[in-house]
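Using the UniProt record's numbering, the letters of the sequence shown map in sequence onto residues 1 to 199.
Careful: at least some of the hints might be erroneous.
Stated by the list, open to error - For each label pair, taking beta carbons as the anchor points, the in silico distance ranges come out as:
#1 Pro38 - Thr87: 16 to 24 angstroms
#2 Ser60 - Pro36: 31 to 39 angstroms
#3 Leu25 - Asp174: 27 to 35 angstroms
Derived from the structure by calculation, the hints contain no laboratory data.
In this text, a Cβ means the ideal position worked out from N, Cα and C, and glycines have one as well.
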Amino acid sequence: MAVISRGFGGRARREAPDLPPGQYLTEDFPVLSAGPTPDVPTEEWQFAIRTESGQTLRWSWDEFHALPFEDVSTDIHCVTRWSKLGTSWRGVALDTLFADVETSEEWVMAHSYGGYTTNLALDDLLDGRAWVVTEFDGEPLDPEHGGPARLLVPHLYFWKSAKWVRGLTMQAEDDPGFWEQNGYHTHGDPWREERYWGQ
1 MAVISRGFGG RARREAPDLP PGQYLTEDFP VLSAGPTPDV PTEEWQFAIR
51 TESGQTLRWS WDEFHALPFE DVSTDIHCVT RWSKLGTSWR GVALDTLFAD
101 VETSEEWVMA HSYGGYTTNL ALDDLLDGRA WVVTEFDGEP LDPEHGGPAR
151 LLVPHLYFWK SAKWVRGLTM QAEDDPGFWE QNGYHTHGDP WREERYWGQ
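Just need the whole structure built from these sequences, with the hints factored in.
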């Protein structure tokens, strides 16, 4: 897949307190995607969680919006070294989505419209640590930033917050996703600078 980036040039870099090591502060919201932006009409969008037993829970756009939504204010950190502080999102906690899921697996593969994947530990998605979000700064999420819905896992580098998310599959092993197969760290903790293999 080709890498599409926009918004990375010509901006002064500012240091700020409480940034993870190696990061700089930006007021912009840079765009970095693996491949083109898919067109996903909300009437066709659905989100699914599939377990090792074959159990699959699915939500249409309307069913998803009938779930309890939360407002999330958080910092985000990209592996390309920018950080954006105090971002505002609205979405459904993964705790809510996993409430009726029965699984003994510890690993998850996130799948996106357009074919993108990223692997995560289930522990990184629960206990108030992750959401599927549909709004940013009080507005519907722009397609270039992952709309109509994206994963938000703000305590990890932002490539783990899969854009255009369509589902999660439970798995027995920590199999790598797209960027992980191409040299990125399997976990991606910005405070430990887990950017690439071997770090």
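Tested hints:
Taken as a hint, the range 16 to 24 angstroms holds for the pair proline 38 and threonine 87, whose Cβ atoms sit roughly 23 angstroms apart. In this structure, serine 60 and proline 36 break the distance hint of 31 to 39 angstroms, their C-beta atoms being roughly 25 angstroms apart. Distance hint for leucine 25 and aspartate 174: a CB-CB separation of about 32 angstroms, consistent with the stated range 27 to 35 angstroms.
In summary, the structure is inconsistent with hint 2 from the numbered list given earlier, while agreeing with all the others.
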